[in-house]
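Protein chains in written order, with the numbering used here: chain Y, 1 to 394; chain S, 1 to 394; chain X, 1 to 254; chain L, 1 to 254.
Source of the hints: derived by calculation from the structure; they are not laboratory data. Incorrect hints may have been included.
Here are the simulated lysine-lysine pairs, DSS-like style, with alpha carbons at most 30 Å apart [claimed, not checked]:
id, chain 1, residue 1, chain 2, residue 2
1, S, Lys365, S, Lys338
2, L, Lys82, Y, Lys279
3, Y, Lys158, S, Lys338
4, Y, Lys279, L, Lys141
5, Y, Lys53, S, Lys225
6, X, Lys215, X, Lys12
7, Y, Lys279, L, Lys69
8, L, Lys254, L, Lys13
9, Y, Lys46, S, Lys71
10, S, Lys66, Y, Lys53
11, S, Lys221, Y, Lys221
12, Y, Lys338, S, Lys158
13, Y, Lys279, L, Lys111
14, S, Lys102, Y, Lys221
15, X, Lys239, X, Lys69
16, S, Lys53, Y, Lys46
17, S, Lys46, Y, Lys227
18, S, Lys37, Y, Lys66
19, X, Lys82, S, Lys279
20, Y, Lys71, S, Lys46
21, L, Lys215, L, Lys235
22, S, Lys66, Y, Lys153
23, L, Lys141, Y, Lys9
24, X, Lys215, X, Lys239
25, Y, Lys37, Y, Lys102
26, Y, Lys66, S, Lys53
27, S, Lys46, S, Lys102
28, Y, Lys158, S, Lys66
29, L, Lys136, Y, Lys9
30, S, Lys279, X, Lys141
31, S, Lys220, Y, Lys46
32, S, Lys66, S, Lys368
33, S, Lys221, Y, Lys53
34, L, Lys250, L, Lys194
35, S, Lys53, S, Lys37
36, S, Lys46, Y, Lys225
37, L, Lys89, L, Lys235
38, Y, Lys53, S, Lys338
39, S, Lys9, X, Lys141
The structure presented is a predicted model; accordingly, all values stated were derived computationally and were not measured.
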Amino acid sequence: MKTYNVNEKGYYGEFGGAYIPEMLYPNVEELRQNYLKIMAEPEFQKEFNQLLKDYVGRPSPLYFAKRLSEKYNTKIYLKREDLNHTGAHKINNTIGQILMAKRLGKHRIIAETGAGQHGVATATVCALMGLECIVYMGEIDIARQAPNVARMKMLGAKVIPALSGSRTLKDATNEAIRDWINNPVDTHYIIGSVVGPHPYPDMVARFQSIVSEEIQWQLKKHEGKTKPDYVIACVGGGSNAAGAYYYFLDYDEVKLIAVEAAGLGIDSGESAATSVLGKEGIIHGSKTLLMQTNDGQIIEPYSISAGLDYPGVGPMHAHLYTSGRAEFISITDSEAMKAGLELCQLEGIIPAIESAHALAIFEQKTFKPDDIVVVSLSGRGDKDLETYINHFSL
Amino acid sequence: MKTYNVNEKGYYGEFGGAYIPEMLYPNVEELRQNYLKIMAEPEFQKEFNQLLKDYVGRPSPLYFAKRLSEKYNTKIYLKREDLNHTGAHKINNTIGQILMAKRLGKHRIIAETGAGQHGVATATVCALMGLECIVYMGEIDIARQAPNVARMKMLGAKVIPALSGSRTLKDATNEAIRDWINNPVDTHYIIGSVVGPHPYPDMVARFQSIVSEEIQWQLKKHEGKTKPDYVIACVGGGSNAAGAYYYFLDYDEVKLIAVEAAGLGIDSGESAATSVLGKEGIIHGSKTLLMQTNDGQIIEPYSISAGLDYPGVGPMHAHLYTSGRAEFISITDSEAMKAGLELCQLEGIIPAIESAHALAIFEQKTFKPDDIVVVSLSGRGDKDLETYINHFSL
Amino acid sequence: MNRINQKLQQDKKLLSIYFTAGYPNLNDTVTIIQNLEKSGVDMIEIGLPFSDPLADGPTIQASSAQALKNGMTTNLLFEQLKDIRKTVKIPLLIMGYFNPILQYGVEAFCKRCNEIGIDGLIIPDLPVDVYNEEYKMTFEKYGLINVFLITPQTSEERIRYIDSISNGFIYMVSSASVTGSQTGFGKEQTDYFKRIADMTLNNPQIVGFGISNNKTFTQATQHTKGAIIGSAFIKHLSKNCVDTIDGFVKSIEK
Amino acid sequence: MNRINQKLQQDKKLLSIYFTAGYPNLNDTVTIIQNLEKSGVDMIEIGLPFSDPLADGPTIQASSAQALKNGMTTNLLFEQLKDIRKTVKIPLLIMGYFNPILQYGVEAFCKRCNEIGIDGLIIPDLPVDVYNEEYKMTFEKYGLINVFLITPQTSEERIRYIDSISNGFIYMVSSASVTGSQTGFGKEQTDYFKRIADMTLNNPQIVGFGISNNKTFTQATQHTKGAIIGSAFIKHLSKNCVDTIDGFVKSIEK
Ligand SMILES: Cc1ncc(COP(=O)(O)O)c(C=O)c1O
Ligand SMILES: Cc1ncc(COP(=O)(O)O)c(C=O)c1O
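Turn these sequences into a full structure, and let the hints guide you.
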């Protein structure tokens with residue numbers, strides 16, 4: 001049987017693996033050997049689920065968006081990860097990883113962040129557990145996601161600007177990896193998406209799989225069936241998509257759509273549409289699709305959305321793309337912004353610009369009136385207010 | 001039997017009533033005659049509860065705050081209204097009122113707002129229902145709660161600055177009432193707290209009562225009993241407190257603590273501690289306690305928290321105060337800010353500065369180790385980041 | 001017989017003027033009243049300023065704020081008015097929000113009005129029923145007429161009820177709006193004036209809100225007993241000194 | 001026999017120098033190599049610059065970024081090196097991240113290295129197992145020695161495994177850290193050097209990371225076969241011209 005999940009060697013098809021310097025080997029290997037075992041412990045399960053419920057506020061609703069559905073003449077459900085504590089799906093993963101880190105005896109936590117949501121989610125769980133927290137964030141992202149920087153500071157995290165390269169997510173990730181190399185014993189690196197060396201993509205996908213787990217029983221209540229016709233999610237690294245797809249991966253009747261950031265346009269040279277523009281390569285320890293020159297130098301991506309402004313994609317998604325299991329669609333900055341504003345004004349929900357990319361699909365693609373379309377509303381737009389206000393001169 | 005609820009005439013003890021100009025009589029009377037009937041309709045109940053669940057994300061968790069409990073050596077539960085859609089308890093009421101307004105055939109909505117949370121919550125439900133929305137907000141509050149102003153704009157609401165008086169919540173309320181006088185036929189005024197003429201205080205309290213309804217069964221799961229020893233809430237107008245107290249009002253064994261804003265200190269002349277500094281009088285259509293000169297002029301209040309910066313208090317709370325049913329405690333700006341930061345760093349939750357006032361109680365009052373203390377975490381602090389960051393020079 | 005009732009019996013359209021006590025200057029109160037009477041005004045509403053006048057538009061709001069800033073208080077107003085009846089004969093009403101009166105004490109307030117020679121009160125936020133149940137006796141004891149408002153939205157039934165407990169005139173709000181927000185009357189308003197006139201109530205009606213010049217005064221009084229000018233007069237005072245009151249009044253009645 | 005193996009047989013402590021190709025100027029590569037050999041350096045690691053050098057500290061990062069900006073590419077580097085063996089005899093290694101090599105094609109890359117006379121490769125993010133399973137044969141076909149890293153955290157078991165598949169030297173990272181982040185060696189490091197020495201591995205060890213002067217060079221080589229200087233040399237180049245290389249090298253070996 002075909003599977004779109006990881007194999008024992010850490011590969012999705014030909015993508016994945018752990019292309020890491022030896023300095024990281026002990027940490028990554030320790031994690032690889034222990035993550036499944038730890039995740040299976042009843043005590044771990046209990047603590048994880050309790051925190052998801054009482055602290056994060058799960059289950060997040062599966063909300064039937066009536067006015068949006070009317071407008072696009074199909075049945076649109078929004079999976080409301082924006083309602084999670086800290087405002088995005090990212091916290092599902094950081095809760096899991098902080099419990100993992102504690103069981104591995106780590107007491108110093110590092111993370112990279114783009115939109116700042118993963119940084120805030122990491123700072124949050126560190127505060128909750130009383131652990132030291134250092135977050136690397138590109139200088140450009142520090143400027144465009146100021147509210148999240150303020151939140152991290154409030155939560156007691158140290159935010160260190162990444163000053164190299166495009167000064168965005170990719171460079172913050174480089175810095176985090178350097179920190180981990182420099183601090184190999186007491187530090188756990190909480191990666192924020194389904195990227196990085198094995199076992200990160202799989203571990204993060206498992207922590208995010210709660211999203212599709214819930215969609216199944218919630219849809220059952222709403223529609224009497226557990227499987228939607230479509231699941232749509234934006235893809236930066238791919239964690240919200242991985243979570244939303246997870247339990248549907250092996251059911252071909254559930255069509256998966258991955259939405260990437262086209263920035264100023266696929267052919268503009270200012271884009272982050274990895275699947276279209278990328279080729280197989282190695283980034284951040286993983287073999288995957290990435291935007292690169294013929295020479296193998298990584299191209300600095302661009303998107304108005306800090307969370308999608310990444311030149312790679314998780315290996316699961318690289319495989320979903322090349323295998324054709326998921327359809328990949330690119331959405332420009334201005335299409336996303338328009339879709340974001342539309343959701344505000346039709347449904348009273350301000351989406352993160354990342355999530356707005358997923359919503360923009362409805363202007364691109366026509367669905368049937370009785371199609372059940374689940375959109376991963378991966379986060380709320382509070383962090384993006386300034387960008388929205390300026391974009392629309394409100 | 002003693003009761004702390006409203007009587008048929010709209011009074012809580014000697015407080016309440018509807019001291020309104022004749023211009024408002026038809027609207028208020030229409031509401032008075034219909035609100036209970038409408039709220040009792042199964043169709044209304046269904047729609048209200050469905051939206052609370054799928055749109056707002058209720059139930060909001062009752063979260064056992066482990067590290068905070070350890071620090072103060074008692075059992076502290078946080079009622080997580082901060083996780084609601086739009087970030088505060090305010091949305092419970094606006095969902096209810098928008099459904100009410102629709103049934104009354106209104107298609108223009110006005111609201112006042114202080115912290116902006118009620119304005120955002122109103123703009124949100126108006127977008128959801130496709131109704132016109134005008135929000136009045138004091139000029140000072142527009143400046144200190146900028147993120148919420150941006151959110152209202154995104155949601156398509158028109159924000160009109162109140163330029164008179166202290167240019168805060170009281171004055172925004174005056175302006176909203178003037179608007180209603182000028183638009184008596186098609187407009188519904190969504191008041192944001194348990195203030196204003198009867199039936200508003202009772203109607204808003206009923207919409208907010210979901211909070212204590214949930215506390216009962218959630219506490220049952222956590223502690224095996226439905227009643228806490230203490231319920232603590234901040235009081236601006238008093239709606240989050242009313243919601244958190246509601247089902248406990250008639251049970252004296254549940255001690256109620258209302259926390260007011262002392263601003264720079266009770267005796268500083270810059271304060272909003274209505275119960276201590278107020279006398280019986282009329283404000284915004286209701287007989288209640290309010291801060292006023294000997295001559296009956298309303299005193300301009302002060303608090304660092306825009307949501308507590310109000311010279312009156314709802315009539316229910318005036319009665320809880322004079323009857324001794326609730327204990328009233330005042331917390332200064334700096335005590336509240338400290339408690340807010342403490343919650344960030346112990347529990348990873350950034351509270352609204354309003355809610356931080358309630359949390360500051362633990363430095364003032366000692367609880368027994370096995371006391372079950374429920375604190376209404378009425379909202380999240382995203383709107384307050386700038387104030388926090390400046391206050392602590394982070 | 002109360003001066004208001006006497007005045008209402010006169011066979012003419014009545015011009016009533018509202019001003020805010022303590023505005024433009026703290027001690028203008030008596031001069032304004034005297035000048036208004038001299039100019040031929042029929043009735044005066046002395047505004048007791050309030051910090052939060054929620055039924056008033058920007059003009060009266062601003063005058064109230066200024067009056068309070070100038071130092072106006074309830075006691076001071078009574079002090080200024082204490083000898084008013086030595087010089088002024090026309091009906092005088094105090095118009096104010098309920099809270100300052102409540103703080104003074106309703107009975108004490110009524111008593112003081114009576115001593116001074118105030119004839120009536122207009123308290124926009126004192127509801128009819130509360131008045132009826134709690135304060136009617138006190139008002140009557142001190143010979144004060146309480147004036148109620150009606151608006152285009154007030155039901156016929158309620159108008160009849162208000163008429164039944166009124167004993168002076170009914171303050172007919174020209175259109176549902178705060179003071180000062182109209183610029184002229186249209187068909188809707190004149191229909192309304194006529195509709196009420198056709199109800200042949202016991203109490204005559206005097207129109208308020210939106211009267212600013214001869215034209216609106218004439219329109220407003222076509223079917224009613226009189227009209228009240230507020231914001232327009234305050235605006236005049238804000239730009240001209242109290243000596244010009246005569247000119248303002250003449251421009252209305254011309 | 002590979003030049004690296006020959007060199008390792010010499011009875012001396014080896015000084016190896018890393019530099020980034022294309023830095024400070026695009027065409028400095030050959031001059032730097034020649035000057036290094038003339039100054040008595042034993043071995044050279046030619047850095048193939050990469051946009052995202054995640055195991056490197058700020059100095060090497062900056063030099064890589066500058067080199068790419070100057071126009072360095074894999075092809076150009078090979079072009080610059082094509083006649084290098086006409087003048088240079090000491091062992092030459094290319095040190096680079098895996099992605100540019102992968103894009104070039106691993107086999108093509110190895111072939112070209114072989115043609116030019118490159119002796120070995122250091123690819124920090126090519127894992128031991130992947131090398132072993134996928135690329136070992138190719139490397140051997142083209143006579144290239146692949147150099148693996150070990151760190152203070154590498155387990156004894158893993159060191160023995162790495163030793164078993166190495167056929168040149170082991171690159172011993174002085175302390176777990178990115179390049180350029182040490183300022184001197186303490187007891188911890190020297191204990192670690194000694195611990196590894198006591199394991200009597202088949203492959204000699206050469207220390208890298210944190211060697212910047214005569215003192216650290218001497219410490220590093222007390223228990224090992226040699227040491228590699230990278231960041232300190234790049235820093236030197238950033239402030240001095242390529243003619244001063246001799247002085248730099250002499251200051252290390254003095
Ligand atoms: C709200 C939101 N959605 C999506 C993303 C993209 O991440 P991923 O592709 O891992 O879901 C981010 C990243 O910060 C985010 O904040
Ligand atoms: C988070 C929050 N808590 C409390 C309040 C105070 O209102 P109330 O006293 O009606 O709960 C506000 C008002 O804006 C608020 O935003």
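Each hint, compared with the structure:
1. Lys365/S x Lys338/S: Distance ~16 Å between lysine 365/S and lysine 338/S Cα, so the pair holds.
2. Lys82/L x Lys279/Y: 29 Å, holds
3. Lys158/Y x Lys338/S: Roughly 19 Å between the alpha carbons, so the hint for lysine 158/Y and lysine 338/S holds.
4. Lys279/Y x Lys141/L: 27 Å, holds
5. Lys53/Y x Lys225/S: Status holds; Cα separation ~20 Å.
6. Lys215/X x Lys12/X: Given pair lysine 215/X, lysine 12/X holds - Cα atoms ~17 Å apart, limit 30 Å.
7. Lys279/Y x Lys69/L: OK: lysine 279/Y and lysine 69/L at ~22 Å, within 30 Å.
8. Lys254/L x Lys13/L: Distance of about 13 Å is within 30 Å: holds.
9. Lys46/Y x Lys71/S: 24 Å, holds
10. Lys66/S x Lys53/Y: Distance ~15 Å between lysine 66/S and lysine 53/Y Cα, so the pair holds.
11. Lys221/S x Lys221/Y: Given pair lysine 221/S, lysine 221/Y holds - Cα atoms ~24 Å apart, limit 30 Å.
12. Lys338/Y x Lys158/S: 19 Å, holds
13. Lys279/Y x Lys111/L: With Cα atoms ~23 Å apart, lysine 279/Y and lysine 111/L stay inside 30 Å; holds.
14. Lys102/S x Lys221/Y: 27 Å, holds
15. Lys239/X x Lys69/X: 18 Å, holds
16. Lys53/S x Lys46/Y: The hint holds at about 24 Å.
17. Lys46/S x Lys227/Y: 25 Å, holds
18. Lys37/S x Lys66/Y: Distance of about 26 Å is within 30 Å: holds.
19. Lys82/X x Lys279/S: Satisfied, since the Cα-Cα distance of roughly 29 Å is no more than 30 Å.
20. Lys71/Y x Lys46/S: Distance ~24 Å between lysine 71/Y and lysine 46/S Cα, so the pair holds.
21. Lys215/L x Lys235/L: 17 Å, holds
22. Lys66/S x Lys153/Y: Since the Cα atoms of lysine 66/S and lysine 153/Y sit roughly 22 Å apart, the hinted pair holds (cutoff 30 Å).
23. Lys141/L x Lys9/Y: 27 Å, holds
24. Lys215/X x Lys239/X: With Cα atoms ~21 Å apart, lysine 215/X and lysine 239/X stay inside 30 Å; holds.
25. Lys37/Y x Lys102/Y: Distance ~14 Å between lysine 37/Y and lysine 102/Y Cα, so the pair holds.
26. Lys66/Y x Lys53/S: 15 Å, holds
27. Lys46/S x Lys102/S: 15 Å, holds
28. Lys158/Y x Lys66/S: Holds: lysine 158/Y and lysine 66/S sit about 24 Å apart, inside 30 Å.
29. Lys136/L x Lys9/Y: 19 Å, holds
30. Lys279/S x Lys141/X: With a Cα-Cα distance of about 27 Å, the restraint between lysine 279/S and lysine 141/X holds, given a limit of 30 Å.
31. Lys220/S x Lys46/Y: With a Cα-Cα distance of about 19 Å, the restraint between lysine 220/S and lysine 46/Y holds, given a limit of 30 Å.
32. Lys66/S x Lys368/S: Answer holds: lysine 66/S to lysine 368/S is near 15 Å, not above 30 Å.
33. Lys221/S x Lys53/Y: 13 Å, holds
34. Lys250/L x Lys194/L: 26 Å, holds
35. Lys53/S x Lys37/S: Holds: lysine 53/S and lysine 37/S sit about 23 Å apart, inside 30 Å.
36. Lys46/S x Lys225/Y: 22 Å, holds
37. Lys89/L x Lys235/L: 26 Å, holds
38. Lys53/Y x Lys338/S: 28 Å, holds
39. Lys9/S x Lys141/X: 27 Å, holds
Comparing the model with each earlier hint shows no violations; every hint is respected.
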